[in-house]
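Protein chains: 2
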Amino acid sequence: MRVLIIGAAGMLGRKLATALVKAGSLNGRPISGLVLADVIEPDAVAFSGEVETLDADISEPGKAEALVARRPDVIFHLAAIVSGEAEANFEKGYRVNLDGTRALFEAIRKAGETEPYAPKLVFTSSIVVYGEPLPEYIDDDYVVAPLTSYGAQKSICETLLADYSRRGFFDGIGIRLPTISIRPGKPNRAASGFFSSILREPLIGEPAILPVSDDVRHWFASPRAAIAFMIHAANLDTRLLGARRAVTMPGLCATVGDQIDALRRIAGEDATKLIRRQYDPAVADIIAGWPRCFRAERAEQLGFKAEADFDEIIRVHLEDELAIPASN
Amino acid sequence: MRVLIIGAAGMLGRKLATALVKAGSLNGRPISGLVLADVIEPDAVAFSGEVETLDADISEPGKAEALVARRPDVIFHLAAIVSGEAEANFEKGYRVNLDGTRALFEAIRKAGETEPYAPKLVFTSSIVVYGEPLPEYIDDDYVVAPLTSYGAQKSICETLLADYSRRGFFDGIGIRLPTISIRPGKPNRAASGFFSSILREPLIGEPAILPVSDDVRHWFASPRAAIAFMIHAANLDTRLLGARRAVTMPGLCATVGDQIDALRRIAGEDATKLIRRQYDPAVADIIAGWPRCFRAERAEQLGFKAEADFDEIIRVHLEDELAIPASN
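These protein sequence lines map, in sequence, to chains L and X.
Read in this note's numbering, the first sequence has 188 at position 184, and its numbers run on one by one without any break.
Read in this note's numbering, the second sequence has 318 at position 314, and its numbers run on one by one without any break.
It is worth saying that the hints were derived from the structure and are not from the lab.
The model shown is predicted, which means the values in this text are computed figures rather than measured ones.
Be careful, since some hints might not be right.
Copies of the same chain are indistinguishable here, so a pair counts whether it falls within one copy or spans any two.
[To be verified] Below, a list of computed lysine to aspartate or glutamate pairs in the DMTMM-like style, where the Cα atoms sit at most 20 angstroms apart:
| id | residue 1 | residue 2 |
| --- | --- | --- |
| 1 | Lys-26 | Glu-210 |
| 2 | Lys-114 | Asp-103 |
| 3 | Lys-277 | Glu-205 |
| 4 | Lys-277 | Asp-47 |
| 5 | Lys-190 | Glu-91 |
| 6 | Lys-277 | Glu-301 |
| 7 | Lys-114 | Glu-91 |
| 8 | Lys-96 | Glu-54 |
| 9 | Lys-96 | Glu-117 |
| 10 | Lys-26 | Glu-91 |
| 11 | Lys-190 | Glu-210 |
| 12 | Lys-19 | Asp-262 |
| 13 | Lys-114 | Glu-95 |
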């Protein structure tokens with residue numbers, strides 16, 4: 005089977021391509037070809053089958069059609085303008101996150117008009133589709149009410165995905181990712197950046213800034229768990245989903261204090277001393293509007309799994325990013 | 005102030021125009037002009053101020069901009085392809101119900117770029133944004149999960165409305181209308197048609213067909229109540245809504261049996277004998293997927309009011325459509 009990854013140049017896209025090569029199959033069928041697309045041409049991956057890399061912005065005319073013309077059996081759609089940029093640039097956010105996704109959905113629908121075609125489609129959504137009033141734990145029946153344009157765009161695409169799937173144009177599943185921690189790479193300016201940097205930097209002896217208080221609580225999964233969600237979603241029998249095609253992924257409900265405690269257990273007290281507390285009311289305000297924890301019962305029943313504690317998340321980071329094998 | 009009604013040729017649009025003329029003001033400000041638009045040119049209404057009637061399909065290029073160029077202070081957006089047609093014609097449904105609405109929203113946003121402009125916007129949505137699994141009573145925190153393309157389109161427009169309002173491009177409110185009963189006019193082929201015809205026809209001595217069982221339960225309001233919802237929405241201080249700009253309207257939770265009992269009390273046993281029970285499994289199946297009853301607490305707290313029983317709904321019909329004054 006052929007697999008298309010849209011957003012293949014991003015952190016998760018690259019990890020997904022590598023994981024698919026390693027798995028060699030999806031849904032019991034061997035992967036014969038990989039198409040890796042992004043707004044900048046992604047790096048190729050070492051693979052025994054065909055690998056094609058393409059620069060394609062699906063919000064531009066004809067680009068989604070060109071990707072779909074390759075008739076992939078499974079499509080992972082990860083591409084998006086991030087939250088901060090979608091908020092800063094209203095038109096660009098809607099063009100890329102909504103119109104680009106709709107262009108992809110339409111290209112698939114129209115490809116099916118000439119000869120039967122209904123690929124599996126895994127769409128990465130986000131827990132920021134939820135907004136105030138936020139209960140401490142959000143359950144699967146709770147109303148979606150985004151507080152950002154990015155959240156609105158993700159929510160709208162979930163609704164389109166469900167309708168296109170119900171119509172049989174494709175077989176879609178939307179997975180609402182928790183905040184990814186520990187993101188590899190350099191510190192960035194995302195409001196959520198500190199959730200990764202307060203662990204990532206001290207683990208390599210570098211300082212990090214904590215802009216919120218220790219009792220801030222949020223919902224986390226490692227990059228490794230996020231990739232496992234995507235592959236599990238692609239393998240899933242979507243009849244189990246019913247009409248609700250978007251599923252909140254499981255995660256770890258933890259406070260910043262829990263993160264620091266885990267860092268102390270794994271890397272020692274000295275590592276935690278590299279975290280400098282520098283309260284930033286602007287960041288604290290943004291984070292206060294985010295969902296905290298979930299009861300992700302549907303996802304758990306469907307077999308999605310996340311980490312159980314931050315010790316595990318740190319060990320995943322050490323293994324996957326720093327090549328340090330787990331000691332226990 | 006100037007008021008624009010989009011969808012002014014429809015049953016509710018015509019009643020709304022008449023009601024606005026009668027009220028003479030919105031939000032304490034006198035209405036100086038009415039712009040009545042629809043895909044077919046609406047009839048004018050007798051009004052001391054300016055009345056303009058226009059045929060305009062807002063899903064066509066430039067049409068929404070032309071309406072917005074009149075800088076209405078309040079916009080009622082009622083125009084839509086109905087549920088059955090949106091299901092039968094996928095492209096037309098999305099073009100009119102989603103792209104048309106978005107074109108309107110974009111026209112307003114862009115009009116505000118040259119000089120400040122942020123009208124009040126009342127958007128009529130529907131309770132069919134809700135889908136399975138359906139609890140007997142749906143509360144305001146329950147997840148939206150449409151089971152039709154029409155429901156998906158309304159839900160998406162609600163999400164856009166909230167985001168555009170949050171951004172300050174306009175001051176929007178979405179009102180989810182119950183099933184309207186008793187709709188005036190001739191029987192139509194809508195699956196919900198019998199909810200009106202089993203009362204409307206017997207009240208004038210005509211037969212009507214009931215295609216479902218007497219215990220079917222649903223959520224109703226009269227046309228008069230629907231118009232009152234719209235006007236109340238236009239007058240409402242939307243700061244009371246918070247981030248959730250769509251509100252499920254109050255209604256009457258009643259069974260078909262309740263409808264028939266009310267008909268008996270108002271028009272006598274003979275009237276009920278005009279209802280012919282002719283079970284239609286196709287209609288029964290459609291109705292089975294519809295929400296039944298709501299706890300519309302937000303709407304009630306915001307001062308929206310519906311009828312308390314079907315006797316009242318029948319009396320409203322007698323007064324408003326047949327000019328028969330209420331006897332008690």
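Using 20 angstroms as the alpha-carbon threshold, which applies to Lys-277 and Glu-205: within, between, both, or neither?
Close inside one copy (11 angstroms), not across copies (80 angstroms); limit 20 angstroms.
Evaluate Lys-114 and Glu-95 at a C-alpha cut-off of 20 angstroms and name the case that applies: within, between, both or neither.
between (26 angstroms within a copy, 11 angstroms between copies)
Using 20 angstroms as the alpha-carbon threshold, which applies to Lys-26 and Glu-210: within, between, both, or neither?
neither (32 angstroms within a copy, 71 angstroms between copies)
What label fits Lys-277 with Glu-301 when the C-alpha limit is 20 angstroms: within, between, both, or neither?
Neither: 37 angstroms inside a chain and 50 angstroms across chains, both beyond 20 angstroms.
Is it within, between, both or neither when you check Lys-114 against Glu-91 at 20 angstroms Cα-Cα?
Only across copies: Lys-114 and Glu-91 sit 17 angstroms apart there, 31 angstroms inside one copy, limit 20 angstroms.
How would you classify Lys-190 and Glu-91 at a CA-CA limit of 20 angstroms: within, between, both, or neither?
Neither: 22 angstroms inside a chain and 48 angstroms across chains, both beyond 20 angstroms.
Within, between, both or neither: Lys-96, Glu-54 at alpha-carbon 20 angstroms
Cα proximity of Lys-96 and Glu-54: none, with 33 angstroms in one copy and 39 angstroms across.
Are the CA atoms of Lys-277 and Asp-47 at most 20 angstroms apart within a copy, between copies, both, or neither?
neither (38 angstroms within a copy, 75 angstroms between copies)
At most 20 angstroms between CA atoms: does that hold for Lys-26 and Glu-91 within a copy, between copies, both, or neither?
Neither. Shortest intra-copy (37 angstroms) and inter-copy (43 angstroms) distances fail the 20 angstroms Cα cut-off.
When Cα atoms must be at most 20 angstroms apart, do Lys-96 and Glu-117 count as within-copy, between-copy, both, or neither?
The answer is between: 16 angstroms across copies meets 20 angstroms, while 30 angstroms in one copy does not.
Lys-19 and Asp-262: within-copy, between-copy, both or neither at 20 angstroms Cα
The answer is neither: 27 angstroms in one copy and 60 angstroms across copies each exceed 20 angstroms.
At most 20 angstroms between C-alpha atoms: does Lys-190 with Glu-210 qualify within a copy, between copies, both, or neither?
within (11 angstroms within a copy, 76 angstroms between copies)
Violated hints for the displayed structure, listed by number in ascending order: 1, 4, 5, 6, 8, 10, 12.
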